[in-house]
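Chemist: Taken in order, these protein sequences are the chains called Z and R.
Counted from 1, the first sequence has number 3 at position 3 by the working numbering; the numbering is strictly sequential.
Counting from 1 along the second sequence, just add 1000 to a position and that's the residue number in the working numbering.
Derived from the structure by calculation, the hints contain no laboratory data.
A couple of the hints might just be wrong.
[To be verified] Below 27 Å or equal to it, Euclidean Cα-Cα: the simulated DSS-like pairs (lysine-lysine) are:
(1) R:Lys1084 <-> R:Lys1100
(2) R:Lys1085 <-> Z:Lys80
(3) R:Lys1068 <-> Z:Lys85
(4) R:Lys1016 <-> R:Lys1068
(5) R:Lys1085 <-> R:Lys1100
(6) Z:Lys80 <-> R:Lys1016
(7) R:Lys1100 <-> Z:Lys89
(8) R:Lys1085 <-> Z:Lys85
(9) R:Lys1085 <-> R:Lys1016
(10) R:Lys1067 <-> R:Lys1100
(11) R:Lys1084 <-> Z:Lys89
(12) R:Lys1067 <-> R:Lys1085
(13) R:Lys1067 <-> R:Lys1084
(14) Z:Lys86 <-> R:Lys1100
(15) Z:Lys89 <-> R:Lys1016
(16) R:Lys1100 <-> Z:Lys80
(17) R:Lys1084 <-> Z:Lys86
(18) Z:Lys80 <-> R:Lys1073
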Amino acid sequence: MPRPDDTAAGKETWVIPETSSVHDSSIERSFFIPRDSLWFSGHFPNMPIVPAISMLGMINDTVAAYAAHHGISLLLREMKRVRFKKIIKPDSAFSVSLLLRPTAGGFSGSFQCTSGGDMVCEGSLAIDREQTAGGR
Amino acid sequence: MNYAAADFIPHRDRMKLIGDIIEIDDAHCVTQSLATTLWPLCDGSRINSIIVVELVAQTASAFVGWKKRAEQKDAGAGVIVGIKKAVISVPFIPVGTSLKTSCRMLVNLHDQYAEFEGEVIGDGTNFGFVHLQTFSAQALLSGGNTAVS
Chain Z
1 MPRPDDTAAG KETWVIPETS SVHDSSIERS FFIPRDSLWF SGHFPNMPIV
51 PAISMLGMIN DTVAAYAAHH GISLLLREMK RVRFKKIIKP DSAFSVSLLL
101 RPTAGGFSGS FQCTSGGDMV CEGSLAIDRE QTAGGR
Chain R
1001 MNYAAADFIP HRDRMKLIGD IIEIDDAHCV TQSLATTLWP LCDGSRINSI
1051 IVVELVAQTA SAFVGWKKRA EQKDAGAGVI VGIKKAVISV PFIPVGTSLK
1101 TSCRMLVNLH DQYAEFEGEV IGDGTNFGFV HLQTFSAQAL LSGGNTAVS
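One chain only, chain R, in its complex shape:
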């Protein structure tokens, strides 16, 4: 069963890059997207592949949102606080490419700090791999120090 990612993530308008959740369970999530000229980092015909960082982040956000709803917990927003490693395998994603972004949770500490790894594949090409670190936005804002989305 597919779910609309928008039901589980806070991103909207030009900054919502993932469409449907096409696979999800308590360990991993896969979303699909269509790369368009409206995306960030687009030069008109292609998108810089560093966008894989955002695709994995949004897929991780969808995973957390879905999981917390299943557990009947509040799904507060998370923000990226670090990238342990990101590898850009192919420099650009052509506009019109249908993409699948997969991610899985590696670490979850008290629903505040988490680590995810994921990759973005489209038309038989692996565009990149990302290992992200996230933190609860609510905890960060109340702590008044580190953050970012």
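Looking at chain Z on its own, in the form it has when it is part of the complex:
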């Protein structure tokens, strides 16, 4: 599913954020990982696959999008029981579904990630709420 128009400007690209759907206690966010993504710069020569750290980056980006929507600042503090279930190749879509529950200092939650209709990653996380002057 190549999308040359998205990356043809010569701009360095890691992933392309696409849609977000934000609710009170959840968010779904979609990405596209193009063939010329920097994630494939050396990962690996002759065998380009999406690194696990790339998936964690998109999960973190989803947390940031949830925070921005609600006018708060959040920092990922802990991940547990994360399972990576499938290799993802270049020119793939990646979607994160994140469910959050408020805690004393922020949120706890769980995530599920899919690509091409397949479950590729799931786990739980803890997020701290950062106190900012403009936060609510």
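Dock chain R against chain Z, hints included.
Modeler: Chain R alone, transformed into the frame defined by chain Z:
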């Protein structure tokens, strides 16, 4: 004696984050890195500390590569299949920070499944702790199911 990590890991270019192996034996490995703006998850002046997961993974990969070469075995690539726990102690690593990543192997089943724990320290700050699970890429690809790097 230091070794170049590139001699023992498959990562290259922008995705090779560790430089030299500065300590290694059959139980543990320590590597060093310099955080730069070329790294993933960098906003121009700092790197999101979830990168500690990749630093520990690459150090574990260096450990396995070195160990298998010492044992005169093929060093097939391993992939991360799970994170039992990762704790991010400080949210960002400033660009320019010199980092030391240490890891030790906790479990090794038939050179296919392994568990490692490690941490990343720089300028007196512990940026995070990671407990990883890895599997042989060759076994995964031939089995045709779970995986990821």
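Chemist: For every hint, state whether the structure bears it out.
Modeler: Tested hints:
Proposed proximity of R:Lys1084 and R:Lys1100 is supported: the alpha carbons are some 22 Å apart, at most 27 Å. Taking the CA atoms of R:Lys1085 and Z:Lys80, the gap is about 4 Å. The hint holds against a cut of 27 Å. Of the pairs offered as hints, the one joining R:Lys1068 and Z:Lys85 holds, with about 26 Å between alpha carbons and a cut-off of 27 Å not exceeded. Between R:Lys1016 and R:Lys1068 the CA atoms are separated by roughly 20 Å; this keeps the pair inside 27 Å, and the hint holds.
Distance check on the hinted pair: R:Lys1085 and R:Lys1100 sit about 20 Å apart at the alpha-carbon level, within 27 Å; holds. Simply put, Z:Lys80 and R:Lys1016 have alpha-carbon atoms about 25 Å apart, close enough for the 27 Å limit, and the pair holds. Between R:Lys1100 and Z:Lys89, the direct Cα distance comes to roughly 31 Å. Violation of the 27 Å bound is thereby established for this hinted pair. For a cut-off of 27 Å, the pair hint linking R:Lys1085 to Z:Lys85 stands: about 17 Å separates their Cα positions.
Note on R:Lys1085 and R:Lys1016: the hinted pairing holds, with a Cα-Cα distance of about 23 Å set against a maximum of 27 Å. The straight-line distance between the Cα atoms of R:Lys1067 and R:Lys1100 is roughly 20 Å, inside the 27 Å bound, and the hint therefore holds. Proximity of R:Lys1084 to Z:Lys89 is assessed by CA-CA distance (about 24 Å); at most 27 Å being required, the pair is judged to hold. Proposed proximity of R:Lys1067 and R:Lys1085 is supported: the alpha carbons are some 25 Å apart, at most 27 Å.
Restraint check: the Cα-Cα separation between R:Lys1067 and R:Lys1084 comes to about 24 Å, which is no more than 27 Å; the hinted pair holds. For the suggested pair Z:Lys86 and R:Lys1100, the alpha carbons sit about 30 Å apart, so the restraint of at most 27 Å is broken. With a C-alpha separation of about 19 Å, the suggested pairing of Z:Lys89 with R:Lys1016 holds against the 27 Å cut-off. Among the hinted pairs, R:Lys1100 with Z:Lys80 is consistent with the structure: their alpha-carbon atoms are about 23 Å apart, no more than 27 Å.
At most 27 Å may separate the alpha-carbon atoms for a hinted pair to count; R:Lys1084 and Z:Lys86 meet this at roughly 17 Å. This hinted pair does not check out: Z:Lys80 and R:Lys1073 have alpha carbons roughly 33 Å apart, beyond 27 Å.
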